[in-house]
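Student: Residue numbers (this note's numbering), protein chains in the order written: chain A, 679 to 1000; chain B, 51 to 389.
Everything labelled a hint here was simulated from the structure, so no lab data went into it. Every residue gets a Cβ at the ideal spot worked out from N, C-alpha and C, and that includes glycine. Careful, some of the hints might be misleading.
Cross-link-like lysine to aspartate or glutamate pairs, in silico, EDC-like; alpha carbons within 20 Å at most [stated by the list, open to error]:
(1) B:LYS169 - A:ASP755
(2) B:LYS279 - B:GLU240
(3) A:LYS871 - A:ASP884
(4) B:LYS169 - A:ASP995
(5) A:LYS842 - B:ASP80
(6) B:LYS169 - A:ASP990
(7) A:LYS947 - A:ASP961
(8) B:LYS169 - A:ASP768
(9) A:LYS928 - A:GLU856
(10) A:LYS842 - B:GLU332
(11) A:LYS982 - A:GLU972
(12) A:LYS982 - A:ASP768
(13) A:LYS947 - A:GLU688
(14) A:LYS977 - A:ASP961
(15) B:LYS346 - B:GLU366
(16) A:LYS842 - B:GLU79
(17) B:LYS169 - A:ASP735
(18) A:LYS947 - A:GLU965
(19) B:LYS235 - B:GLU91
(20) B:LYS283 - B:GLU377
Here are a few chain A residues that sit away from chain B, every Cβ distance over 12 Å (derived from the structure) [unchecked claim]:
(21) TYR862
(22) LEU864
(23) ALA875
(24) ALA950
(25) ILE958
Anything over 10 Å on all C-beta distances counts as not near chain B; from chain A, calculated [to be verified]:
(26) VAL900
(27) MET926
(28) ARG939
(29) LYS986
(30) ASN989
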Amino acid sequence: MSYDPVMLLEAYRRMRAIREFEERMRREVQMGTVPGFVHLYCGMEAIAVGACMHLRDTDYIGSTHRGHGHCIAKGVDIGAMLLEIYCKADGVCKGKGGSMHIADLSKGMLGANAIVGGAPPIAVGAALTHKTLGTDGVAMAFIGDGASNQGTVAESLNFSAVLKLPMIFMYENNGYAEFTGTGYHLGGADIAKRAAAFGMPAEKADGVDFFSVYDAVGRAVVHARAGNGPAAVEAFAYRWYGHFEGDMQKYRGAGEVDRLRETADPLVKFEARLVSDFDIGADELREIDEEIIELIEDKVAVAKAAPKPSNDALYTDVYGSY
Amino acid sequence: MAIKTYREALSDALAQEMRRDPTVIILGEDVVGGLGGTAGEDEAAGGTFGVTAGFAAEFGRRRVIDTPITESAIVGAANGAALTGLRPVAEVMFMDFMGVCLDQMLNQMAKFRYMFGGKCDVPVVIRTLMGAGFGAGPQHSQNLYAMLTAIPGLKVALPSSPADAKGLLATAIRDNDPVIFCEHKLLYGETGEVPDGEYLVPFGKANITRSGTDVTLVAFSRMVLLANKVADKLAREGISVEVIDPRTTSPLDRDAILASVGKTGRLVVLDESDPYCGMASEITALAATEAFSSLKAAPAKITPPHTPVPSTPHLEQLWLPSLERIENTIRATVGKRAA
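Same shape as in the complex, but just chain A (with noise of 0.2 Å):
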């Protein structure tokens, strides 16, 4: 597969742009300013970006309650994202999704969803939509090693086989479903089987290698854009931080965390390849970490001080017409 190095910088902004984003909400959290639960995308960066490199704003994804990475990696304005977390007036959602329901359509962002499994169906449906306007779009499903195991996604898997949907199961495969590991909650072990049941070609990827996950998705979307019907990429990565921003993380062993952030940094493995493999300067990188911290002190400002919807703002937006 070539790879073009315009592509490249911006897979690494958008990298470097979730992980700086995820370091800020930790912070925030930890000083209580973020309303509701936070989910962190952390240690996983190259699965979204690697994916979603693939997809154009008319191709769908669905996302899950661990959503902050999958809108950045799919175009969704930050600043508009930081306002929805901090569930302010013009957030992205006018405040009232909050971190587990940020979606932009304009963006081909379905919603993060704070159903684990809920999303599925809905991508299936977004597919089901190119297929039946005869375009060539696609629609992508994030899912975890936890919602693997929801009838939604077996479903979702058979629904999309049996009607030959331009549809990618994206499974990200981080360890643990909330507070228990694979080694216990996954049946047979081995998520990229499950789909290859269903009669549609299933890759394993390394979520920590930006090229081994773009690789591999690349391959699944030619095959759905070409109306080949459904493919399936599992990629493992690990979760840096807790399930949710103030879980204490007792099933994790001693300094497993220090341990990943040393060897399973998904940016420090691209940088590498950036430099020794397409001639990128680290300077270059350097200023795009710049810029982007800039850019999300600004946002992060901007957000804490925008105005709250108003309480009229209860009651609009349950119906269309009533």
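For this one, chain A is given, so just place chain B on it according to the hints.
Tutor: Relative to the frame of chain A, chain B by itself:
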């Protein structure tokens, strides 16, 4: 105007809307039938109860989509399709089966507009079959519309006549909110006059099927037929019953109910669903809290008991509100003994 069955009226509305709007699709179990069998791919069902018979021939299988038995995927796919530009009409064959796909109704379609800040339409219709009296037993007979009515974001329609079946279904398909369209299985063979051509019945507008002055009888779905019968009989005894069919429970035409109760001073609600937390409870509460000064008698509820629907034929008849029970409740409410 032609005499048609409820089933034919439903077909009329679906065909009318599919001809009018190419983004309307139908998906569900055996809406066509025949795929994968040994007899070829010809239509083998046309819907379990024949409502979509001939649709695949006219509209093609791309728009009339047979699905596996997979309610969460059917409703979920309808949700995703609705968010992305189609107007899906999905079938959940029996309302009881909503037990396996409730998340897609409760947490997804009902919430999209609100939690996405109003930046989407959700034009999805779920057609479903409900109701007792068919000997279908505890898992194929329930009337769960009150439960759905209590979920903000959903609309709930309950056609009681062939004309309303056509007019409400066309309205449901054109509506930009999710609509749960509840068809009573015992009404499918009922006949009535159905307007020809495009016909729409607005949501939230009750139908006063009998005008009266002594007592207001609010009834839903198939119970409207029983209510009309009782009203006609009691009229001959000199009791004037006003029958109100709200047609939709969400939105609910509270004004029509309160206006009628204001006029009659008496209220009976006839509801083929559970006595607890149902429409009968809701509407008697409405009268008690907002029309108390008009009331000349305590509002009464006529519902089945708080039990599942038995398969046993005579027990199922006992479960259903009977004409006699409706008559007696009304006589008691207006303070007259049986003649």
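Student: Hint by hint, say whether it matches the structure.
Tutor: Going down the list of hints, with the structure as the test:
1. Restraint check for B:LYS169 and A:ASP755: satisfied, since their Cα atoms lie roughly 15 Å apart, inside the 20 Å limit.
2. Annotation: proposed proximity of B:LYS279 to B:GLU240 holds, straight-line Cα distance about 14 Å (limit 20 Å).
3. About 16 Å separates the Cα atoms of A:LYS871 and A:ASP884, which keeps this hinted pair within 20 Å; it holds.
4. With a C-alpha separation of about 9 Å, the suggested pair B:LYS169 and A:ASP995 falls inside the 20 Å cut-off, and the hint holds.
5. Distance restraint check for A:LYS842 and B:ASP80: the Cα-Cα separation of roughly 18 Å lies within the 20 Å cut-off, and the hinted pair is therefore satisfied.
6. For the hint pairing B:LYS169 with A:ASP990, the CA-to-CA distance comes to about 17 Å; that is within 20 Å, so the pair holds.
7. For a cut-off of 20 Å, the pair hint linking A:LYS947 to A:ASP961 stands: about 16 Å separates their Cα positions.
8. A C-alpha spacing of about 12 Å is found between B:LYS169 and A:ASP768, which places the hinted pair at or below 20 Å, so the restraint holds.
9. Note on A:LYS928 and A:GLU856: the hinted pairing holds, with a Cα-Cα distance of about 11 Å set against a maximum of 20 Å.
10. Under the criterion of a C-alpha separation no larger than 20 Å, the hint pairing A:LYS842 with B:GLU332 is inconsistent with the structure, at around 46 Å.
11. Taking the CA atoms of A:LYS982 and A:GLU972, the gap is near 16 Å; set against the 20 Å cutoff, the hint holds.
12. For a cut-off of 20 Å, the pair hint linking A:LYS982 to A:ASP768 stands: about 12 Å separates their Cα positions.
13. A C-alpha spacing of about 16 Å is found between A:LYS947 and A:GLU688, which places the hinted pair at or below 20 Å, so the restraint holds.
14. Our distance criterion of 20 Å between C-alpha atoms is broken by A:LYS977 and A:ASP961, whose separation comes to about 24 Å.
15. Note on B:LYS346 and B:GLU366: the hinted pairing is violated, with a Cα-Cα distance of about 34 Å set against a maximum of 20 Å.
16. Taking the CA atoms of A:LYS842 and B:GLU79, the gap is near 17 Å; set against the 20 Å cutoff, the hint holds.
17. Proximity of B:LYS169 to A:ASP735 is assessed by CA-CA distance (about 16 Å); at most 20 Å being required, the pair is judged to hold.
18. For a cut-off of 20 Å, the pair hint linking A:LYS947 to A:GLU965 stands: about 18 Å separates their Cα positions.
19. A hinted pair counts as satisfied when its Cα atoms are at most 20 Å apart, and B:LYS235 with B:GLU91 does not qualify at roughly 28 Å.
20. For the given pair, B:LYS283 sits about 9 Å from B:GLU377 by alpha-carbon distance, which is consistent with the 20 Å threshold.
21. Under the 12 Å C-beta cut-off, the non-interface status given to A:TYR862 relative to chain B holds; the minimum distance is some 24 Å.
22. With a minimum CB-CB distance of about 21 Å to chain B, A:LEU864 clears the 12 Å threshold, and the non-interface call stands.
23. Listed as outside the interface, A:ALA875 is consistent with that label: its C-beta sits roughly 15 Å from the nearest C-beta of chain B, beyond the 12 Å cut-off.
24. The beta carbon of A:ALA950 is kept farther than 12 Å from every beta carbon of chain B, the shortest such distance being approximately 39 Å.
25. Distance check for A:ILE958 against chain B: the nearest CB is about 37 Å away, which clears 12 Å, and the non-interface claim stands.
26. Residue-level check passed: A:VAL900 sits 21 Å from the nearest beta carbon of chain B, beyond 10 Å.
27. Residue-level check passed: A:MET926 sits 28 Å from the nearest beta carbon of chain B, beyond 10 Å.
28. With a least beta-carbon separation of about 34 Å from chain B, A:ARG939 lies farther than 10 Å from that chain, consistent with its non-interface assignment.
29. Every C-beta of chain B lies more than 10 Å from that of A:LYS986, the closest at about 14 Å, which supports listing it as non-interface.
30. For A:ASN989, the non-interface assignment is confirmed: its Cβ lies about 15 Å from the closest Cβ of chain B, beyond the 10 Å cut-off.
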